[in-house]
Amino acid sequence: MVTTAPAPKSDLMNVTEKNVEPSDKHVIAHVDNNPNPISAEDAVIEIDDVSFSYDGGKTNVLNNISFNIPAGKVTALIGPSGCGKSTLLRCLNRMNDLVDTSEVTNGQIRIMGQDINANEVDPIELRKQVGMVFQKYNPFPKSIYDNVAYGLRVQGIKSKSKLDEAVEKSLQRAALWKEVKDRLNSSALGLSGGQQQRLCIARTIAVSPKIVLMDEPCSALDPIATARIEELIAELQDEFTIVIVTHNMQQATRVSDRTAFFYLGRLIEYDDTTTIFGNPSVSQTEDYVSGRFG
Amino acid sequence: MNPFKSSNNSRKKKDAIGRLILALLTYTILACAIFIFYDIARKGLPVLMPVLSEKGGEVINTDFLTRMPETLVEFTDGDGKKQSMPSTDFTEFTKKNPDAIVLNKKANAYSGGGIAGPLVGTALLVIVCMIAALIVGVAAAVYLNEYAKQGRLVGMIRLAIMNLAGVPSIVFGLFGFAFFCLFPLIPVFETGLGTDLPKFAIPMFGGHLIFKQLGNSLLAGGLTLAVMVLPVIIAACEESLKAIPKGFREASLALGATKWQCIRTAVLPYASPGILTASVLGVTRVAGETAPIMFTAAVAMKGRLPWEGAKDNGIFWIPDFLTDSVQAMPYHIYTVAARIPRTDATAAMQDGSVFVFMLMVMLFASVSIYLRIHFRKKLKW
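Protein sequences, first through last, are from chains W and C.
Residue 1 is where the first sequence starts when you use the working numbering, and the numbers rise one by one after that.
Residue 1 is where the second sequence starts when you use the working numbering, and the numbers rise one by one after that.
Hints listed in this document are in silico derivations from the structure and should not be mistaken for laboratory results.
C-beta: ideal position from N, C-alpha, C; glycine also.
To be clear about the criterion: a stretch of chain W counts as covered by chain C if any three or more of its residues have a C-beta under 8 Å from a C-beta of chain C, and this derived list gives those stretches:
| no. | segment |
| --- | --- |
| 1 | 127–134 |
| 2 | 201–215 |
Far from chain W, some chain C residues (derived; all Cβ distances over 10 Å):
| no. | residue |
| --- | --- |
| 3 | 36 |
| 4 | 103 |
| 5 | 156 |
| 6 | 203 |
| 7 | 205 |
| 8 | 208 |
DSS-like mimics (lysine-lysine), calculated; alpha carbons at most 25 Å apart, straight line:
| no. | chain 1 | residue 1 | chain 2 | residue 2 |
| --- | --- | --- | --- | --- |
| 9 | C | 246 | W | 142 |
| 10 | C | 377 | W | 142 |
| 11 | C | 259 | W | 210 |
| 12 | W | 158 | W | 142 |
| 13 | C | 55 | C | 106 |
| 14 | C | 259 | W | 136 |
| 15 | W | 210 | W | 169 |
| 16 | C | 377 | C | 242 |
| 17 | W | 136 | W | 169 |
| 18 | C | 95 | C | 105 |
| 19 | C | 242 | W | 136 |
| 20 | C | 259 | C | 246 |
| 21 | W | 136 | W | 178 |
| 22 | W | 158 | C | 259 |
| 23 | W | 178 | W | 160 |
| 24 | C | 246 | C | 377 |
| 25 | C | 199 | C | 311 |
| 26 | W | 136 | C | 377 |
| 27 | W | 136 | C | 246 |
| 28 | C | 149 | W | 58 |
| 29 | W | 178 | W | 162 |
| 30 | C | 242 | W | 142 |
| 31 | W | 142 | W | 181 |
| 32 | C | 212 | C | 311 |
| 33 | C | 55 | C | 105 |
| 34 | W | 142 | C | 259 |
| 35 | C | 149 | C | 259 |
Chain W extracted, bound-state conformation (with noise of 0.2 Å):
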């Protein structure tokens, strides 16, 4: 990815290696890559110093991220393909759990105060808060219904009532219900791909999380479809929390109110959306938002 333009590559490796520097680490964090930081009052979801490895330490994949995420906004996380942003998003709602040896290697992450690696907390409770939309849309081969239902389902909601509420509910929130209102027992696979995406989407709302974790949700989907997405990312987000991980800059722009830039591993810089494709203090988020590199 950074073979057409090596000069930043080269500029980005001064900066990687000033932050590695233990004794003014934090420094250069708050200094350099985080001009406009959130305060802890407002955060709800605070990154503190975050090392992340996917082989039991021996090589990290995350590198020293701090900042925190405010609540009832859109954050978005941009950067190359391998730069860390989805590994990060994971470790979010802990769905790195799934790979054996990962292991967070250093610093904290705390939702709503608390630290979410910690012994007493169950990554069950911590899914229900914190949803997540996948990059894939991946409804069950289940009805629509069933597939809305299910996270209320799995936790113990049977009443028919609530869920016919629940299912409405969501699939209005996620701008759905008119179009499947009258199909809710035919097949979740016969929706078309951003039908299916926000069927997801409305899944995940309808165990009402107070955050919601969005890997790349456009990615598979075409512009028309995308363009829906991002209105409802929009209308969700004085519900939810939202962070996004997206590959596409005019997205980030579009729909997120901060942004944060990640290259190999590292924060490079996070700011409001507005600064960091306006007028981003380092100059390897210029060179990337600009599409100098990436």
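Let chain W serve as the given structure and place chain C on it in line with the hints.
Below, chain C without anything else, positioned relative to chain W:
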């Protein structure tokens, strides 16, 4: 002028010869298979459907399918005509015609009557085997694939399971005999045993917990077959589980499902067609096995079906017929083929049994193929 004109003829010839040899060998296999099926059907079909034979008769020989095997009595009657009939029929015949002349009477064991006993026995063995193998096999596959940390231990377990598949069936037979038949496995609570206590009697609640042997029984045979087919079932289940998209598991867990809920609602339902298909294939394999059951379950001759008056086993939680010995198709075929001389009279039982058994196994195989095609069409994601 053609620039691509062939220049080297011997090279081409060699190519053609190589191709011919390979094709010939391949078609030889096909020819063998066709010949075997044809020969079995040619001899066996008239036994099952006498209407097709030279002599003619009923459309389906129901006696052959519904009667128990018996001794076949051959004799020459007063007119010098050769006759043969099952022993019960012969007894009736002599009772009805006390004056009938019976010359050169000859009895052929196992060759008269029908094959109801072996058919039912094989069906029961397969059912017991598949219930046991599916419970243990699916559980093991789910554990290995979903729960266990993929490390050296799991690798060794997988290797052990694979090795199990390579063990000769006679070894399973002997193992089954030693473990399921002879080893006292079945706990039973009994009172009033007096002083003559069996081994391992544990006194409790004013009586004793004792352990009984299963002996030569349907249950022991079914379990032995289950151990034998287990590697196939586990491997097939693991394949089916691996084929489930990762997205289903992730979506389920991300919605707050526990691991078990995830497996039960988002993995197993979609893996079950594959498991089902594999188990039907497993059925075709266990149905045909002789060695594992000849020490553990099968007897050559039995006058009654398993549930008709099985003797009390003294174990209240196991139905009596499960601890009774059974007849089974493969063992029956072995008996009539290896122990009975082939004559015009006994040939019917030999050919008919083989043909019906082949039909049975082919039926299972076709069901398995049908299921695979059906589910492949229906379940796509």
